[in-house]
Every structure is written in C-alpha cells, then in structure tokens.
Amino acid sequence: MTAILRCIDVSKHFGAVKAVSNVSFDVEKGALHSVIGPNGAGKTTLFNCITSELAPSGGEVTFEGTRISGRKPHELPPLGIARSFQRTSVFSNLTVAQNVWVSAFPAQIGTKVELLRHADSHPEVADAIQTALAEVGLARYADQPATELAHGDQRLLDFAIALAPRPRLLLLDEPTAGLSRSDTQRVMNLIEGLKGRYTLVLIEHKMDVVMKISDRITVMYFGEVLSEGTPDQIRADAKVREAYLGRRA
Amino acid sequence: MRTPLFNWPTLLFLAVAIVALPFLQRPVVAAEILTLGLAAVALNLLVGYTGMLSFGHAMFFGIAAYATGILVAKLGWSGFIAIPVAVLVNGVIAWLVGLICVRRTGLYFIMITFAFNQMFYFIAYSWTTMTGGEDGLPDIKRPLLVEPQWAYYAFVALVFLVSLVILKKVVDSPTGRILQAIRDNPERAAATGHDVSRYKLIAFVISGTFTGVAGSLYAFAHQIMPVDRIHWLFSGDLVFMTLLGGSGSFIGPVIGAAFYTWLQDTVSLFWPRWPLVLGVVFALVVLFFRGGVAGLVETVYRKLFDKAPAKQVATTT
Amino acid sequence: MNTFLIASQLLNGLATGMLYALMGVGLTLVLGMLNIPNFAHGVLYAFGAYFTYAIVKLTTGTAIASVINPFFIGVLFAPFLVVLIGFVIEHIGIQRLYAAHHDYQLLFLFAVALILQELIIIIWGPVGFSVLAPPSLSGVVNLGFVVYPMYRLTLIVVTTVVVLVLWLFLTRTNVGATVRAGIENREMVSVLGININLIYLLTFGLGAYLAGLAGALATPILGLTPSMGADILPICFVVVVVAGLGSIVGAIVSGIMIGIVQSLTSIWWPEASNVAIYIMMGLMIILRPQGLFGSR
Numbered sequence: 184m185t186a187i188l189r190c191i192d193v194s195k196h197f198g199a200v201k202a203v204s205n206v207s208f209d210v211e212k213g214a215l216h217s218v219i220g221p222n223g224a225g226k227t228t229l230f231n232c233i234t235s236e237l238a239p240s241g242g243e244v245t246f247e248g249t250r251i252s253g254r255k256p257h258e259l260p261p262l263g264i265a266r267s268f269q270r271t272s273v274f275s276n277l278t279v280a281q282n283v284w285v286s287a288f289p290a291q292i293g294t295k296v297e298l299l300r301h302a303d304s305h306p307e308v309a310d311a312i313q314t315a316l317a318e319v320g321l322a323r324y325a326d327q328p329a330t331e332l333a334h335g336d337q338r339l340l341d342f343a344i345a346l347a348p349r350p351r352l353l354l355l356d357e358p359t360a361g362l363s364r365s366d367t368q369r370v371m372n373l374i375e376g377l378k379g380r381y382t383l384v385l386i387e388h389k390m391d392v393v394m395k396i397s398d399r400i401t402v403m404y405f406g407e408v409l410s411e412g413t414p415d416q417i418r419a420d421a422k423v424r425e426a427y428l429g430r431r432a
Numbered sequence: 020m021r022t023p024l025f026n027w028p029t030l031l032f033l034a035v036a037i038v039a040l041p042f043l044q045r046p047v048v049a050a051e052i053l054t055l056g057l058a059a060v061a062l063n064l065l066v067g068y069t070g071m072l073s074f075g076h077a078m079f080f081g082i083a084a085y086a087t088g089i090l091v092a093k094l095g096w097s098g099f100i101a102i103p104v105a106v107l108v109n110g111v112i113a114w115l116v117g118l119i120c121v122r123r124t125g126l127y128f129i130m131i132t133f134a135f136n137q138m139f140y141f142i143a144y145s146w147t148t149m150t151g152g153e154d155g156l157p158d159i160k161r162p163l164l165v166e167p168q169w170a171y172y173a174f175v176a177l178v179f180l181v182s183l184v185i186l187k188k189v190v191d192s193p194t195g196r197i198l199q200a201i202r203d204n205p206e207r208a209a210a211t212g213h214d215v216s217r218y219k220l221i222a223f224v225i226s227g228t229f230t231g232v233a234g235s236l237y238a239f240a241h242q243i244m245p246v247d248r249i250h251w252l253f254s255g256d257l258v259f260m261t262l263l264g265g266s267g268s269f270i271g272p273v274i275g276a277a278f279y280t281w282l283q284d285t286v287s288l289f290w291p292r293w294p295l296v297l298g299v300v301f302a303l304v305v306l307f308f309r310g311g312v313a314g315l316v317e318t319v320y321r322k323l324f325d326k327a328p329a330k331q332v333a334t335t336t
Numbered sequence: 074m075n076t077f078l079i080a081s082q083l084l085n086g087l088a089t090g091m092l093y094a095l096m097g098v099g100l101t102l103v104l105g106m107l108n109i110p111n112f113a114h115g116v117l118y119a120f121g122a123y124f125t126y127a128i129v130k131l132t133t134g135t136a137i138a139s140v141i142n143p144f145f146i147g148v149l150f151a152p153f154l155v156v157l158i159g160f161v162i163e164h165i166g167i168q169r170l171y172a173a174h175h176d177y178q179l180l181f182l183f184a185v186a187l188i189l190q191e192l193i194i195i196i197w198g199p200v201g202f203s204v205l206a207p208p209s210l211s212g213v214v215n216l217g218f219v220v221y222p223m224y225r226l227t228l229i230v231v232t233t234v235v236v237l238v239l240w241l242f243l244t245r246t247n248v249g250a251t252v253r254a255g256i257e258n259r260e261m262v263s264v265l266g267i268n269i270n271l272i273y274l275l276t277f278g279l280g281a282y283l284a285g286l287a288g289a290l291a292t293p294i295l296g297l298t299p300s301m302g303a304d305i306l307p308i309c310f311v312v313v314v315v316a317g318l319g320s321i322v323g324a325i326v327s328g329i330m331i332g333i334v335q336s337l338t339s340i341w342w343p344e345a346s347n348v349a350i351y352i353m354m355g356l357m358i359i360l361r362p363q364g365l366f367g368s369r
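In order, the protein sequence lines correspond to chains A, B and C. Quick note on the numbering used here: the first sequence kicks off at 184 and runs consecutively. Quick note on the numbering used here: the second sequence kicks off at 20 and runs consecutively. Quick note on the numbering used here: the third sequence kicks off at 74 and runs consecutively.
Rather than coming from a laboratory, the hints here were simulated on the basis of the structure. These figures come from a predicted structure and were not determined experimentally. Do not rely on the hints blindly, as some may be mistaken.
[Claimed, not checked] Restraint-style ranges between C-beta atoms, simulated for each label pair:
1) A:Glu425 / B:Arg217: 47 to 53 Å
2) C:Val161 / A:Gly320: 51 to 57 Å
3) B:Asp247 / C:Leu131: 39 to 45 Å
4) B:Thr285 / C:Leu131: 43 to 49 Å
C-beta atoms are modelled at their ideal positions from N, C-alpha and C, and glycine is treated no differently.
Assemble the whole structure, with the sequences as input and the hints as a guide.
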C-alpha cells in the first residue's frame, strides 16, 4: 500500500469558524478516492488546502512524500498534480486546442519563459493536446473558440486541460455540479474511463455518483472526518447513515 | 507547418500604411503616426493581450523621451547611442515600477499605474535644470544621417517595423499565449502551473520598454520634449488610441494612433480645444463601438465571408 | 527648526488633508458601490470651484449679497450644480455601461473628464482665478501656539462637520445603510430587492457632491485653474490606495495623512512634496498591499 497523497491533521480556521478540523486521510496510488459530505461540511475548503489556494492553519498535505501545503497554486502542476474546477473554468477567448495548450506546454517544455519561438512550434505539445482532446471527445472542435462550446462540452474541455499534462494526481472539484443529466452521464463515463490510469481525488456531494465509482470514501461532517472506508463500509456505517444518508436518502 | 508572422491583410495594411503615409501627410506627421502607433501597439500587449489596463504608459513614453533628450541635448551624445541607452534605462524603471504595480490587480492596478505616472510627471515638471520643466526640453538634435525629414521618417518607419515584428513574435510565442490565458482566466492559468505575477511583470516590462522606444523616437520628431507628453492625460490618450483602433487586434491600435495624430494635427490648427473633440469621439467609441475600428472591420468582414467569429478581446478586471 | 513653522505646516496639512479626505470619501463611495474609479472626480471638483466663482461673480453687488456673502451662496449651491452634472454623467453613460466591463465605464469617465476640462476653458478661459474668503473669515486667529489664517481654520472645522454628518447619514439612515452595505457587498444589495439603479444614481450624486464641495471650499486657498481637477485626481487615487479600497474611515485617515506628509515635506524640500506622497503609496503597496484599512 503506497499513499501518494496524505492529508495529516489538516485544519483551516477562518477567525473563530473552524471550516476544517484535523482531517487526515491517505489516497492510494491508482485509486479513486472520494471526499463527500453535505453542503457546508468543509469539502471545498479542504480541497483548496490541498490545491494550495488556501494555506492550512494546521497540519500538512504531502504528495509523494514532499510537503505541498502552503505553496502557491502554480507550484503544484510541475510536481504532477492537476485539478479541475467546480465552475467550468476555461480560457474563453482561446480556441479549444489553445486551451489545452496552456497546461500541455509547461508539462512538456517546462516553465522557462519562451519569447520568440512560435507557441505552436513544439510537436510534442501538439501530440499531448491531441491525446487529451481525443480522450474527452472534443478533437473535432479543436479550432473553435472555447466560448462557442456547449456548457457540457466546456466542462469536458476543463477536464482536457487537467488531463493534458498526464498528472500523477488529478483533483476533481464537484465535476458534475450544474450539469444536465445527460452531461453528468458523459462526465461520469469519462471519470470511469480514467480510473486505474490516474490517481483521482473526487470532491462530491451527490451520493449516488460517488457510491458507484469510488474505491474509497472519506465522509466529512462539520469540518471533521466522520468516517472512511470502501463504499460498502460507508453504506453500512450507522454514523454516516444518521448524519448524512438518514436525512437525504 | 509554419504559421506566418503576419496574415496578408495585416501585411498589406502595414505596407500601404508605411509607404503611403508620408505622401498623405507631412513626413513629420507621418512619423508621429508610426511613433504613437508603436506606443499604442506596445500598450495593447498589456491592455488587449494580458487584460491589464495601464493608465500610466505616458510615464514610459516620457521617461525614455526625456532620457534620450537629456543625453542628446545636455550631454551631446549622438541620437543613435542615446536611444538604446534611454530605452534600457526606461526598461529598468518599467521593471521597478512593474514590481510594485503587478502586486495588485484590477482597479488597484489601474489606479497605481496612474498615480506613478503623476509622480514621474512631477519629477519632469520640477527638475527644470534637466528637463526644462513646463517649457519642455529643447535642442534634441537629430543625428546627421536622419536630419532631413524624409530620412527621419525612414528611420522611424524602420524602428516601427522592427519593433512590431518583435512584438508580434512575443504575442505568438508561448509567453504571448500564456498572457492571453491569464487575461481570460488568471486563476486557471495559475492552476495549470504558470506564475501569473511573473508573466504579468514580463508583459509590463516589454510593453513599457516598447512604449519607451516610441518615446525615444518622439523626442526627435519636433526636437523638443513637451512636458504634457508625460502627463497622465496622455496615458489616457494612448489607451484611447488602443481602444479606438481595436484592442482585439494586433495592428488595430495603429489606426487609433493615426486618427489621434490626424485629429491633433488638423483640428488643433483652427481650434485649440481639440481635446474636446477627442473626448466626444472617445465617449462615443466607448458607448457604441467597443471593438474599435478593427472590431468594426472584422464584423463586416465576417458578415461578408461568413467566417467564424473572431476572438473578441475585452480588457479585463 | 522653527516650531511655529512646523505647527502651521501641520495645520496646513490638516486643512488640505481634510479636502483630500472629502475627495477620497467621494471616490470611495463610487468605487465601492459602482466598482469604478471615477476619473471624472477631479473635474467635478474643478466644477465645484468654478461654479462657486460664477455664483460669487453673479451675486456680488445684487440685493442678496447684502444679506449673505456671495461666497457662502457659492459654497451652498455650487456642489448641488455639480450633483446635476453627476446625474447627467451617470444617466447618459454609466447606466448604459453597467452590462459592459467596468473598464469601459472608467474609460467613459475619462472621456467625460476630458470634455468637461475643455468646457471649463471654453466657458471661463485658460487663465486661472482666485476667490477671496468672505471678510468674516479673513484675517488670522491666535491659537496660542501659532497665529493661523481664519479661513483655513474654518475649513478644518467645516470639513470635519461634513464628514461627521456624512458618517451619521451612512450609519443612522436606511439609505445610508444600504449604500454602506453596497460598498461592502454589492451582490447583497441587489439580492435585497432594492432599486439598485437608484442607489447607484444616489451614490454617484453623493460622490459628485463631495467633490463639488471640496472644490468650492478650496477656492480661497488653492485658487482656480482649468487643470485643478487633473492635478488633484491622482492624489485622490493615492488616498484610496493607501486607505484600502472601499474603506470610508480609511479614506479620511489617509487623506489627512497625505495632506500632512505633503505639507511637512515642503518645509524641507518643497520640490519633493509632490513626489513624496507617491513614494509613500509605493511603500504602502510593498509593506501592506491591502492598504491601511482594506480587507480585499
């Protein structure tokens, strides 16, 4: 058992409000690990601590043994971490291919500043873009401006941006939020297809979504870890049932 | 496949503009159009491509112009040596000012660039022994080789062309693409591994530097540097040129600069209150033609040839 | 160093600082509520001064002048004329541009500033004027530690009262509370179902009033020139940046601070007094980017 991502006693306080208190869990390499909980459970705050949008007030997050909490968001991708956004987050005036370029370029070429070569002059970047777009099924829109894509397609583009660097850890923040039923299905199919090839951390509040596809689930409640286990264990857990499922299901 | 640096309408536009201008206008006015055009294109690297509205670019135009002027008029240097030195000095100042300015975004950034502009204006205004203060800095003699009006125009056109090629290369480069990504979505750009403030600073320095190149050329236009060219009102004028021409287009700002220079050159002859006309046109552009001339041309072009919509570029945050 | 000089420069700094504070608060209100730095704020200040001048010229020698000094009439009414200009600007331009990016509102205001500054020159000519303080406020007062011009002292008192009244308006009235809430959280106000356009109009008007009043009050000490608006605008921006965006208290404190820094610098190095405040702003951004009282 190898933990690729570890949250160790992570806490985040906003003044007197304890949004996240002493949350610990390990994500195994190659697993799909979901963090669930009702709205306000602190999932997004925890997610932001992992992605370094926020610095935790206590504890630490490590990735492959190195501490990543308290860094700047732009320092994570070079380590092999990518994320998607809850609200679709693309570069609206760039074409679909250029959108993916933005993440593929630093992964293939690095973060040194290139000023005089043409952005599209690296064939390895073009390949990475093609692969990522093919994976999400947007290859035929490559030269269209991102704004022209349908809402569901934009979410898939968001995924392609995250996938293009071939990250060793992919963090997904409520990937189906705000999507129609059919788009939700497309995104779920995509995630299932990624399983096994990527290590995935999924923040979600839709229970049904999580139960079907997760290898392991951490349940958060009022900023703390209520329970952790396989989907079956979680389903059987009385505490979870009482706190979460009891009210919802 | 190699992507051409300029597409053919842009090339045609550039060729016609550079060759035809001095026949349509006096050479010195034609030179001024290209000079201000360069300043506006450089500003647009920030405004249109990075989404940072600088209201202080007159400071870089002015610093380079004064530095050039002082080196030539006070120290007797040749213009050909003074220009690169002045551009370098201005570039360093742009870097220092940029270090502070890019720490804040949005409205803050606008206000800070604006305020620093005023600081440099005051320095130019009060340091009369060096800058001539209110009366301007006179005796900025052109190098002998470019002394005649036509030669000066040719020199300006050459620098203009070389600068535009460099700027276009920057825009098309990985850095240029990352700047556009930052413009559209800074949070996502950071999350894909790009150090947003570093890139903003790079854009700021390149933009300020090339606006400075224009300033250096300008010092020789009338061989005097007037103090109002480093005032924040001129920063606004530069933004106006960028917007009127169209911030969504690389070459658009040149059109804005041409209009501005023409307006100043003709209207000011019979009406000293020409900035009023400028203000009215500016207000109308902002209210009704936010894409500028280039945006208008593109809309028409698209309607005629039914092309996919061009990338609309707004200034952001 | 002469303590008398320092004391009077401190008071001078306080007097101009209070003017900056008035301007800064007006700018903050508009900035917080409408999310635009009002580039026309300076020129509205200039109009406050020029309207005062015009009213003084118009009423001097008439029957009214024997009842009340023309200057007071100017200070009372000029700001309201400025408010009218503010309403027109808001109505023809800003309101149309709410849907567009706020950069365009800002650029529209820049265009308006350009137009209005030229109008001043067209109406009143390019040469500056001065307006005398009324006889009742002329002369000097002995404050014990310093002999100080009566008008400047009055200016400090009046602006303090205005700031207090404004504070009461913002904290004790419903409209004021809405405006304050809007500055702190724009989305919330629209959620509350308040006529947001009306609030915008009022806020812009209030900002214009404060600029107009500052302009009117400044006439006896700073005089009038067509560029007076363009000159004070950058200082107002510094006030707001140092204060922290959206902080009214901050704008008052930093306005006074900047006035004092400026007047103290001018004791030792007059040429640098105008540069000093920008250096102060630069240091502030490095040391405390959010400003004195800013949270965002």
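Against the structure, the hints:
1. A:Glu425 / B:Arg217: 47 to 53 Å: Holds, since Glu425 of chain A and Arg217 of chain B (Cβ atoms, about 50 Å apart) stay within the stated range.
2. C:Val161 / A:Gly320: 51 to 57 Å: holds (54 Å)
3. B:Asp247 / C:Leu131: 39 to 45 Å: violated (33 Å)
4. B:Thr285 / C:Leu131: 43 to 49 Å: violated (37 Å)
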